[in-house]
Structure formats: structure tokens, C-alpha cells
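Q: These are the residues of each chain, in order.
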Amino acid sequence: MMKLRVAGLKQYFGGLKAVDTVSLDAKQSEILAIIGPNGAGKTTVINAITGLRKPTAGTVWLGDKTITGLAANRIAELGIARTFQNIELFEHASVLDNIQLGFYRHRKVTLCAELFNLPSARAEAVNARLAAEKILHYLDLVSWRDKAVSGLSYGIRKQVELGRALCSAPSFLILDEPASGLTREETLDLGYFLRDLAKNRGIGILMIEHDMGLVSRVADHVIAMNEGRILAKGSAPEVQSNADVIECYLGSEMV
Amino acid sequence: MYFDFKTSYNDDIRLIRRPLSGLFYAIAFGTALFSPLVISEFYITESSAIFVLGIIIIGYMISAGMAGLVGLGHAAFVGVGAYTHAILLGAGVPFLISIFSAIAVCALLGVMLAVISLRLSGLYLAISTLIFALAVEHILGSWETLTGGYEGILVPDPIIFGTSFASSINYYYLTLSALVSVIILAANLMRSLSGRALIGLRDSEQAAASLGINVLKTKSVAFALSGAVTGFGGALMSHQIFFITPEAFNMMLSLQIVLAAVIGGLGSITGALIGAVVIGWMPELISQIKALLPVSIRYQPGPDLVIYGAVLIGFVLFEPLGLYGRWKKIENWLLTFPLDRKATFAKTRTYMKSERV
Ligand SMILES: Nc1ncnc2c1ncn2[C@@H]1O[C@H](COP(=O)(O)OP(=O)(O)OP(=O)(O)O)[C@@H](O)[C@H]1O
Ligand SMILES: [Mg+2]
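Chains as they are written, first to last, in UniProt numbering: chain A, 1 to 255; chain B, 1 to 357.
Isolated chain B, as found in the complex (with noise of 0.2 Å):
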């Protein structure tokens, strides 16, 4: 049994409520610190890459999870973030600098993308999105002069105030570092009054409205900050695949991103992080079955997308609220142990709703 003490408010808002999770944090944190001196090169190049996965997965979640706008083409981002940035390191421009425009020219597709679909949601929404994803993936393989077509381009290494990040052991910190940021600038706007405003956005645009939350502007404030996180790790992708092509940043992106996010749990950042570490592994995990299939099926491009497409739908059906709402019931049941409260997680009944108001 476990009673929750307070007493102040700033104990609700800090970002490590228990004691309990601090330390879990700690432990964490201390782990992905100092395991690179302990585990090999491949597992060291491996982490970094599940980092950059999960800032892309938060990215995706601050749209799909938190303002509820589930769309299918944030392989887009990713796809601009790593271009913006390749390109301008190969200007000359440093790294940094390079970085944040890139973040900066995410986060104004964003806006585009939010005046594209404006007044659209559900299926529409995913819809547009999707085509959008596409037409950047055209106009980054048609647009030779600056990107190099499809014949892709190179990136430079990364190079930060005269300091090669480039070795696996230094761009797994790069990597880290990163991921921390984001993941506190993600807390800090699930609780703040804007990241409640997403939430109503998701739930109720009316009942937004009616509270003096303007929808239309929030909407983009959601897409522009989920493209400039997403943007970000598509940057900071581009260091892992060294020579980028368009095809790089396709539907099976796309894909993977809202697999991931489902995967792990929708809306929360813990769950982005579970969904980027299955991600991450499902290539190998992928291989490892291809293995026993029969060889004529084998080298086939189809089995990846049809395992990709069974587990989103395995997790749509059985566990919608993924892994994390799973490790949410059993904590719940650890924490009132004696007290088995079955109700806590029953399915409820829902009230019948119109589209009248």
C-alpha cells in the first residue's frame, strides 16, 4: 500500500512526484551515463540511434498524443530536419547554427502543414498528412540543385566548437544529452496550461473553444512544435546514415513512427521512449523470424511491412494503451496492493453524444 503525501501544490507540479520514481530516474539516467564504458561498439552505435528514435517519437506525440491530430506522414520532418541540416553543414555553416535552423524550418512546415488541414480531423487529418509526406519526399528528390536528387548527399560529420562527435562513443553523448533536453521540454509542456490546452483540443474542440483556447492557433502551435522536435531527430538521424537519399525518409518511416507511439502508449513520454526502444529492435527482431520463414519469401520486401502492419493492429486491438498503460495497471495494482480495485481500469460506459450542440 503506498499513500501519496503532500503539501504544497509544487509537489503536484515538479516534474519527480515520488520519491520512489526519483530514484528509478536516477537509476536510469546513471545507466545510459555510464553503460558506453561497460558494452560494446555495436550496442553503443545501437542506443544512440534508439535515442534519436525517441526525440522523433516525442515529436510525434506532442501532435498524435497530446492535441490528438493523428497524422501519417511525420517521416516529412524527419525527412527536412536531416536535409536542412546536411545541407548546411556542407555550406560551411556550424553545427549548432545548422541544427537550430533546421528545428526552425521543422517547425514552419508544421504551421504549413497546420494550414493545410485546418479544419480537418480523423481520417481526413491522417489523409492529408500522408499526401503531405509524400509531396516532400517528391520535392526532396526532384529539387537536384539543392539536395541532390535521388542520388542523395553526404553528410558531414558533426563538429561542435572544434570537437569531432563523430566516434560512436562521442555522438552516443550527443545523442543522450539531446534526448534529456527534449524529454524535459516535453514534461514541462504536459504540465503546463498550453499542453492542457492540447489535450482539450483532442477531446473537445468546442468545449476548448468555449474556455477562450483558440483552436485553430493551437493546432499549429501543436503541429510546430512536434515538427521542430521531430525535425530535430531527423538531424541528428543524419549523422547515423552518413549519405542521405529521400527514399530514407519514406511511408515505412512514417509507418514505424506511429507504430512506435502506439506500441508504446499514446500521450505519454514514457510510452514514447518504450515504443522507440521496440522500434529500434524490431529490425533484428524482424531478421531473427524472416530466419525461419522459407527462403523463397525470405528476400522478399513484403514480410517487413506485413509484421509492421500485424503488431500495429495486435496493439489497436488487445492493448490500446500500450505497453506503458500496461506497466500503469500492474503499478496501480502493486500500489493499493491489499485493495484489488478491478473497477479502476473497467471499460465504462460512455454517454451517447450528438453533433448537435
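For reference, chain A alone in the conformation it holds in the complex (with noise of 0.2 Å):
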């Protein structure tokens, strides 16, 4: 069973410290939620993880391989996928070209074989298809194959880019922000896939989330920060109850 370990990260913005001292570890098969109010440094945390921004200092673990500051693309090749905040979505594409993309990182042939249509890039041309279908499948994205991104609804973008991240098959699956903008239905329906895909397809997922009725279902761990510190961490009830988190939280709806 792999790790993603994460010991000691600090990123600065000039004087601010934006994460100051941040360890945690992300096993495969369970969910670890980071929770926190705004501007406490969560998504820069998962930034530094996937490559998006060179951390301060701090080490990055995948499994026993150091990961710290290598370039996205090569994080992403070793197994670690991610979705956005603000949902990046290739818009003028279709929602099965997106997800197929997610498939990139197993790609084989040579751009050659690709301009010549050889045979090897037409059996992975499929290959690249029946990831997708099955995601497409999986998440109950069917009706939407052949639709531009750009017109869809808020929570079926939020879907496809969950499919695209899937269609990589990673190890490890960081999510920023998954439930927000979704409707009650599509949080509870997100829910039993976050549970399916750590439990039965043995991923380990790494999810900032806000709703804590979301949390609190689905996570195996808690970690809540403020201003680029981690302030408990335990199971979803420990750090509720946690004194320092409630007072973090005092006079906000969050709790």
C-alpha cells in the first residue's frame, strides 16, 4: 500500500506564510479531508503537492520516491490526480475528449504513429476510448458524451472533471473544493463515489472540503488548518469537537 507523505512544507509569499509547517499522510484505499475557512492555506498545500507551485521547503513522498518540486506534468505521469477550485475545463472540447485526456499519462506511441494513423496508435486511439466510456459509465455521464464542456450545468462540469481525473487511473486523487456549487442530491450521490473509489478501488483520496456533512460521511481522517498551520487532526468527530477548531470557527456557519 503506497503513501503520500508530506513533512514539514512551507510556502511564502514574500512575508506571508501561507502554509508554515504542514505534515500529513495520505494513505491508498482512504479519504484524508483538510478542512479550514478561507485563505487558511489548503489549496496552496495541494499545490505544492502536485507540482503547480514549488513549494518553500519541505519534503513531497510518493511512496518512497522524493517528489517535491518536480514539474506537474511529471507528478501527474507517477500517478497523483487532481481537480481545480474554479473548474479547469478544456471548454471548446467535447466531455468525452476531456476525459479521454485524462488518459494522456499512459500514452505509448510516437507522434509519427499518431500522423500516420500506424496501427499502434489506433489501438490506443481505443484503448484511450474505453477508459473514458467506462468512466463515462461509471459517473453517469453518458448523456453527455458529445456536449461541449462549455455549456453544461455547474455540477456536471464538476462531474467531468472528476471523470478526467479518473480516467488516469491514479493511485492518488486530490480534490479541491469537490462538493461546492453542488446540489444536495449530487453531494450525497458524490459521496458513495468518493466511498466506491477509495474502498473498492483502492485510491487515496485527498479532498478539501467545506461541508462538513460531506466530511464527516466519507473521511478517515481530518485535518483542519488555519493561516498555514494545521490545527488538529484526527477522525471527522475528534476534530469537530476540537477546541481550537471551534474556536477557529466561532461566529462562522461552517460547524
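No lab work stands behind these hints, which were simulated from the structure alone. There's no promise every hint is true.
Residues from chain B shown here face chain A by an in silico Cβ test under 10 Å; the list is partial [as the list claims (entries may be wrong)]: (1) L146; (2) G149; (3) S192; (4) S194; (5) R202; (6) D203.
Taking beta-carbon pairs under 10 Å as the criterion, some of the chain B residues facing chain A (in silico) [unchecked claim]: (7) L185; (8) N188; (9) I199; (10) S204; (11) A207; (12) G212; (13) N214; (14) V215; (15) L225; (16) G267; (17) K290; (18) L305; (19) G309.
Ranges between beta-carbon positions, derived for each pair [claimed, not checked]: (20) B:N332 <-> A:P37: 28 to 36 Å; (21) B:I139 <-> A:R145: 47 to 55 Å; (22) B:V306 <-> A:V142: 47 to 55 Å; (23) B:T270 <-> A:R145: 20 to 28 Å; (24) A:S143 <-> B:L292: 32 to 40 Å; (25) A:S143 <-> B:W143: 54 to 62 Å; (26) B:P94 <-> A:H106: 35 to 43 Å; (27) B:L285 <-> A:K54: 32 to 40 Å; (28) A:G213 <-> B:I131: 52 to 60 Å.
Think of the CB as a built atom: it goes at the ideal place given N, C-alpha and C, for glycine as much as any other residue.
Using the hints, put the two chains back together into the complex; each one sits in its own frame.
A: Now the structure itself:
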């Protein structure tokens, strides 16, 4: 069982300590949730893990391999997939094309084979399509297959982004507020998918989430952050009853 | 009403997906193949010119339409392709070797441009490609020992394995087969994962990177392919000009390439071809319009640019998807006929995006 480990992670923007000495362990088959108020540094942590920004200090391991500071595409190739807080889809492509691109890290053929449509390229196109179809069926997106992403509702777009990440068959899946903007029903469905992905497919999930209902339903472990630091770690009820966490959220509607 | 029946994923990957479009391509190809037997010499020459333009614009479409790297300097690739080919032919290099060398040189030039503009996008990229083209034009003009400077050089006749393709009808078939090969390669690219990666790059670099796409490498590939195809067009074009000078590859040509892509519709091969036809006939059209103008301004160099500019602005404003986009809307309406679905192409709300990830 592989682990995704982060130790002593710091990310400074000038004088602002957006992330200050954060350590965490995510395991395959488990769901780790990060909660915390706006500006706590949650997104900054996962940007550092996924290589979008080099951390100021700290180490990230995938299994026993150090991946700190690798380029984002290298980290994706190693099997860490992610979604974005503001949905980053390929707007002018169809749902199918978006999801198929998730398969990119498994691409083996050369550009030349693709240009001349050699049998190897055709076989790979079929493989990419098969992988995407499985995801379309799994997430119940079949009826949207050929629609352009730009015209879809917010909830569907979130699903497509999740599907694209899943199509890369990752060992770790990192989600930035997957339930924000979803309706109650959509959130319930999402919870079901997340449990299934972790428990039955062995994917390790690290998710940032504000919806405490969802977090307590699905998360095995919870980390609460504030001002770049970790306030509390533990199971959902433990973290929710932690005095520091309650104080941090006092007056806000989130608890 | 039309129903799409598919029985395997291969059906979707095939180039020709519907029996009807197969028929259409067959008719188009048949017409192209046999029309030289009936049309006059003038139209044969004119058609070859359009085929070459088609190649050039498909080349531009690969970087601008697919990868979203909208450049304003593709005349540079046309020029370097033409000059490399002409110089090598002049030195006695056989046609095929010469033309593949021209393609290779332009691919390298594309990589160079990619390296120069590695982290630029949007307006800054457009400006850097513009300057790049000006620099290339200048080099072509001042490297006199190689290029003959502003006096130009003569382009030897195209002779492949002893057969001359200089006659208008032979040249017609040469350019037609070149165009068909380029179309097939571009279509293969568009349905491959690499082609989709270019589209990914265009719409979100961050998301592309998070899927394992090497953004800088893919950009270089886009420019290299684009440069190679455009340079190929340039090499063929040199045989139409006979005597090439650097001015043949100036801003005006770059503008025409952009204009053709926008008129046809950025991002599709069909669009590029439609654009080539329109731009190919534009000089004719412009001379007709000019005939209506008062004599005092008729012979000034200004009106051409103004007309090109006006057409470009008109399309960007009123038909941003180009003529091919308009056709797609009509086709969609026909296929779904009794069910009118206005909403399909309605402008949709775009969700707010912020710079932060
Ligand atoms: N690129 C950047 N440059 C400067 N400051 C930044 C940058 N990115 C984030 N910050 C700052 O770092 C802090 C943490 O931001 P971050 O986006 O990680 O918060 P978050 O916990 O994800 O909040 P939210 O719940 O609003 O998404 C904020 O104060 C933010 O303004
Ligand atoms: Mg955030």
C-alpha cells in the first residue's frame, strides 16, 4: 500500500506565510479531508504537492520516491490526479474529449505513429476511448458524451472534471472542494462515489472540503488548518470537537 | 431527422464517420481529379494556388486553431520554406530531398520560435511572432550571398524523377496530392491524443499539466508541426512565383493567412480549406471592388489592406466561428429537422474564473 507523505511543507509569498510547516500522510484506500476557513492555505498545500508551485521548504514523498519540486506533468505521470477549485476544463472540447485526455499519461505511441495513424496509434485511441467510456458509465455522464463542456451546468462540469482525473487511473486523487456549488442530491452522490473509489478501487483521496456533512460521512481522517498551520488531526468527530477548531470557526456557519 | 448508429469505437475514430460525408468527400475528390480536363488553363493555375494556400493555412491552423497559439508571423515559415527549396534546387539537389529539407528547416525554425516565446501567450505571443517574421524577412533580404538579397532568386522548375511538373496541369496534380497528404496527416493529428493535448493546451495550461502533458514540449511540437506544414506550402508556392524576393513574404501574407483561418473558422481542416478558397479569390474580388472606387484612390496601395482589415473585423464580430461554423449550424438544423434546437448554439453563461488556482 502506497503512501503520499508531506513533511514540513512551507510556502511563503513574500512576507505571507500561506503554508507554515504542514505535514500529512495520505494512504491508498483512505480518504483524508482538509478543512479550514477561507485563506487557510489548503489550496496552496495541494498546489505544492501536485507541482504547480515549488514549495519554499519541505518534502513530498510518493511511496519512497521524493517528488518535491518536480514539474506538474511529471507528478501527474506518477499517478497523482487532481481537480481545481475553479474547475479547469477544456471548454471548447466535448465531454468525451475532456475525459479521454485523462488517459494521456498512459500514452505510449510516438507522434509519428499518430500522424500516420499506424496500428499502434489506432489501438491506443481505442484504449483511451474504452477508459473514457468506463468513466462515463461509472459517473453516469453517458448522455452528455458529445456535448461541448462550455454549455453544461455547474454540477455536470464538476463531474466531468472528476471523470477526467479518474480516467488517468491515479493512485492518488486530490480534490479541491469537490462539493462546492453542488445540490444536496449531487453531494450525496459524490459521497457515494468517493467511498466507492477509496474502498473498492483502492484510490487514496485527499480532499479539501467545506461541507462538514460530507466530510463526516466519508472521511477516514480529517485535518483542520488555519493561517497556514495545522490546528487538529483525527477522525471527523474528534476534529469537530477540538477546542481550537471550534474557536477558529466561532461565529461562522460552518460547524 | 438523422440517427447515428455506431457499433464499435472504431466507428468513431474513422476519418469518414457517415456514409453521406463519404459521398461528399468522394465527389469533392473526383471533381478535383477530373476538372483539369474541362476547365481552362487560368482556372487550373488558380486552383493550384488555392491548394497551396490550403496547405499553408492548415499549417497555421495547427498552431493557432488547435493549440491556441495565435501568431501573426506565419509568412516567415512560407518564406523560409520557399527560399530553402529554391536555394537547394538551384544547387542541384533533387526535388524530393530539397522539399523535405525545406520542411525540416521550417520545423526547426518552429522550435526556435517556440523557445523564444516559451512563456508568452495572447497579445504578447502575437507580437513576438510578428517581430520574428520581420526579422526573418530582414535576414532573407540581407543575407545576399545565400538568398540574392532584395534582387531575389530564380526558382528552378520542379522535376521529380525526370518528370517535369512545370506545366500547369502537372503542377495542379502535384499540389493536389500534396494537399490531400497534408489533410490526412492533420486529420490524424486531430483524432490522436497528441492532437487533443494541443487543444488542452489552448483551453487550460494548468489542467493540461496536471494530466501529464508537458506544456513547453507540446508547445514546441505545435510550432514545429505548424512550421513544417506551412514551410511545405511555401516550398510549393515558390514554383508559382518563379522569382522570389523577400517582399513576397511580408506582413501582408501573414495577414492573409490569419484572415483565411478566421474566415473559414479557426480549428477545423474544412474551415482552413474554405478560408483558402476565399483568400485565393480575394485579389480578384478586391480588383472588382476597386473598379468601383474613384480613380484618385484606385491605384493607391491602401485599399487592399483596408478591405482585408474590414473583412477580418467583420468576421470576428459577427461570425467568430467562421463560414464553417455557420455551415455546422445549418447542418445541425437539417439533421435534427423537426426538432428545432435553438439552445444548442446559444451563447451560454461562462463561469467566473480567477487567476488563482
Ligand atoms: N500566488 C499567490 N501569491 C500570493 N499570495 C497567495 C497566492 N496564492 C495564495 N495566496 C495567499 O495564500 C493564502 C492561502 O491561500 P489558499 O488559496 O491556499 O487558501 P484556501 O485555504 O484554499 O482558501 P479557500 O477556502 O478560500 O480556497 C491566502 O491568504 C492567499 O491570498
Ligand atoms: Mg482554496
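Q: Does B:N188 pass the interface check with chain A, least Cβ-Cβ distance below 10 Å?
A: 4 Å, holds
Q: Please check whether B:L305 passes as an interface residue: C-beta within 10 Å of a C-beta belonging to chain A.
A: 31 Å, violated
Q: Given a cut of 10 Å on the nearest C-beta pair, is the interface hint for B:N214 held or broken against chain A?
A: The hint holds - B:N214 has a Cβ within 10 Å of chain A, the shortest such distance being about 5 Å.
Q: Given B:I199 was flagged as interface, is its beta-carbon under 10 Å from a beta-carbon of chain A?
A: 5 Å, holds
Q: Taking 10 Å as the limit, does the beta-carbon of B:S194 come near enough to a beta-carbon in chain A?
A: 5 Å, holds
Q: Holds or violated: 35 to 43 Å for the Cβ distance of B:P94 and A:H106?
A: Since the Cβ atoms of B:P94 and A:H106 sit about 42 Å apart, the hinted range of 35 to 43 Å holds.
Q: Given a hint of 47 to 55 Å, does the C-beta separation of B:I139 and A:R145 actually sit inside it?
A: 49 Å, holds
Q: Holds or violated: the hint that B:R202 contacts chain A, with Cβ atoms closer than 10 Å.
A: 8 Å, holds
Q: Hint validation: B:L225 versus chain A, beta carbon distance must be below 10 Å. Holds or violated?
A: Holds, about 8 Å.
Q: Given a cut of 10 Å on the nearest C-beta pair, is the interface hint for B:S192 held or broken against chain A?
A: It holds, given that the least Cβ distance between B:S192 and chain A is near 4 Å, below 10 Å.
Q: Given a cut of 10 Å on the nearest C-beta pair, is the interface hint for B:A207 held or broken against chain A?
A: 4 Å, holds
Q: Quick check on B:G212 please, does its C-beta sit within 10 Å of some C-beta on chain A?
A: 4 Å, holds
Taken one by one, the earlier hints fail for this structure at numbers 1, 2, 17, 18, 19, 20, 24, 27, listed in ascending order.
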